[in-house]
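Protein sequences, first through last, are from chains A and B. Numbering-wise, the first sequence is residues 1 to 317 according to my numbering. Numbering-wise, the second sequence is residues 318 to 814 according to my numbering.
Calculated from the structure, these hints are not laboratory results. Among these hints, one or two may not hold up.
Listed below are several chain A residues computed to face chain B (Cβ distance under 7 Å; list not exhaustive) [claimed, not checked]:
| # | residue |
| --- | --- |
| 1 | Leu55 |
| 2 | Ile158 |
| 3 | Tyr171 |
| 4 | Ser260 |
Every residue, glycine too, gets a C-beta built ideally from N, C-alpha and C.
Listed below, chain by chain, are the residues.
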Amino acid sequence: MLGMVAQRLGWAVFTMVIIALAVFLGLEAMPGDACTVHLGRGASDAALATCRARLNLSDPALYRFFTWAQHLLTEFDLGNSVQRGKPITEIVSWRLRNTIILAGTATALGVPLAIVLGVLTGIYRDSVLDVSVSAFSMFLMTIPEFISGTLLIFIFAIGLGWTSGIVTLSYKAPFWDMMVVSFLPAVTLSFILVAHIARMTRASMIEAMQSDFVLMARLKNVPRRQIIWRHALPNALLPTISVIGLTVAWLLGGVVIVESVFNYPGLGRLAVNAVSDQDLPLVQAIALLFGAIYTLVNLSADLLSITLNPKLRGQRQ
Amino acid sequence: MINVSFHKCSCALALSLALVAPSFALAEKVLRRANDLSYGGSESLDPLSPSRFYEATDLIYNRLIRPTADGGTAPELALTWVPNETAMEWTLTLRSGVRFHDGSDFEAADVKYSLERINDPALESPVASVLGIISSVDVIDPLTVKINLSAPHAGLPLLLYDYRVRMIPNGSGDMIASSGIGTGPFMLESFDAESMTQLVANPNYWDGAPKLDRISFTAIADQEARNQAMLAGQLDLNSLSRDQEPFYKDNPAFTLQNFPVGDWFGIAFLSDEGALTDPRVRKALRIAVDRQEMMNLLAGAGNAELTCDNPVKKSDPFRADISCPQDITGAKALLAEAGYPDGIDIELYTSDLEPGMLQFSEVYQQQVAKAGIRIDLKVAPADGYWDNVWFYKNAMTSWGERPADQWLNEVYRTGADWNESHYANPAFDALLDEARSTLDQARARDLYVKAQEMLFEEGSTFIPYQENGRRVMSSKVTGIAPVGEDFIDWHLVDMAK
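Take these sequences, add in the hints, and give me the full structure.
As structure tokens, then:
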């Protein structure tokens, strides 16, 4: 068990190194450098020289990568944003919190709903309930976030006036305020989340209900309710956990769009702005951070599956 | 603060409503605007900075001289401006009793500092290309300054009203980017370009205390998101694109405004390349167009002012009135004369850079085809367009308004930094020099008009019309006339309760 956890952790660290290197090399391969990109056409030689000195751009690329990694590991310092002239750690940390609030709300809304729907459609397979819920979730899955988000704003903010449409709060707003305004964007995000997870849960629920142990339980005349919740569901949930992990990590992509639509001050919107401002060090930091979150969420899902699954738990490496 | 009522809807919707509500319930008169983050969070309150936060600096600082909507000048912090007989020196008397937001008096030394700072090489201000001719400023007494120029300029007041030339306290250059101390109708309360910037009324404003209590700017980078916020009543004032207009039309909660500005799309043909070195070919490329039809198609009738390749806007007192109906026969004749009886092939670069740009080049292509001009349209990526395509190819271009003298000198003078069509004509340059040293305004007008006519005859830039600006406001907002941002008297703007 411990060996397995260590192995997974090792892989996670290795993945992170590869991501960091890929992001760094990708940006290196672009024409020009952070300073020519930032200062643009009208840049004087003097301004370019000052900017390059500030960012140590005259050092060799590999050396810069290692100093950057060293600063990151020893001081948790991601360097400075060219455009904003502030430390990236400071810019990113508030946005990271906000994105976690948003993704957290979306997960808290979406996952339980998805599981309940998945179980119900699985048990009442091919019933009217199953067909309509499945069709509806397929429908939600196919609507892009920028359409569902805009529609929600039109209905709930502009039409009914129940909520505020666009987030106008500061990125430093208190936790609870942020939580409240994250509701509509979180609903938008959870559309796709619900559809994916519900479909997965349904499939594994159907499989579990057809398994030998459920048949055995039935033969032993165990009450149906108990069969579903005590025997079938825990088994059906195991494969679902890794799907939840993947879907939650996949939310990050949706976050970029949803945050732009709602003007939500999170990492996704920052990423869009950083790219359009061509603030390369910031883009690099955000890409790395997204990579880290992705890795971390998947790692947790893996570890959770291992803990919950007696078969995996018992395996010796 | 929280007054939650759960009777209607027990979900978080009611909760969020209750929590958002307090920001609307303030008794203060607040005008809520958006900051479009066009400088990506590096917005500076230094009016001379390349990344100035214009919407805010316009409210915080004053100019010496302000422009009027009819193209004239009006006193702001300067009351009078008088040139010497060579137009090399200008003496300005200043308004007395004006105070900066920190309580200090506005005096001649502040003017000297604010103007001389323009040419500080460390600042790299884009304004240096406009007012580089200021060699020094002398303080005569606390309310009089003398501006010394390195070349005569009879139109200096028109340059001084540039929206970036604002008065800041003497010696404040190092802090001004964040301190925002000026003499304007609104004072900086808090500044965070990436979230919220708050300005409060300056009760001691020299032209009377503002009627609003506060103006706020919320950072919303996405144009669609700004539109949504406006529709949802989270903003009170916003600029508008043509395709967003239907959202607000016939809705009593909003007021729409449409006003002439001197902004335009055009095509800059390179006058020093191939067939285009012949002025007859350049003219043919321009007169083959039905400008009225092009304008109706792209801007909508009544949303633009026709112009005959003249960058100067209609209300400018120095504008030349030229007529330029479509002339297919004339264009064909010119081409034949120049040695192209079977028509001509021209490469034109365009891009999806700004809304409408691509369509503009396509309509142009269709229209000139009738005169045997075959446009080979090349769509360049928006990214890097201004760096790699524009100025080096026949390309779509886009400009914001400026006064006649500035247009002609910055964009058409031989060798000027922004001379996108590489137009070079010593006779044209001589006209501009003469106009600048002519103090008799009627005579100066003749010279500027001649220069514009010269551009129509042999210039290399095609400009069919100047499109109007648009804004949408909450119908509660009063005191904003349908004029460009530059001409609004912000201290007179008010909001109904």
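Going down the list of hints, with the structure as the test:
Interface hint status for A/Leu55: violated, as the beta-carbon distance to the closest one in chain B is roughly 15 Å, over 7 Å. Look at A/Ile158: its Cβ gets to within about 5 Å of chain B, closer than 7 Å, so that hint holds up. The restraint placing A/Tyr171 at the interface with chain B holds, with a minimum CB-CB distance near 5 Å, inside the 7 Å limit. With a cut of 7 Å, the hint placing A/Ser260 at the interface with chain B holds, because the nearest CB-to-CB distance is about 5 Å.
Violation of the numbered hints given earlier is confined to hint 1; every other hint is satisfied by the structure.
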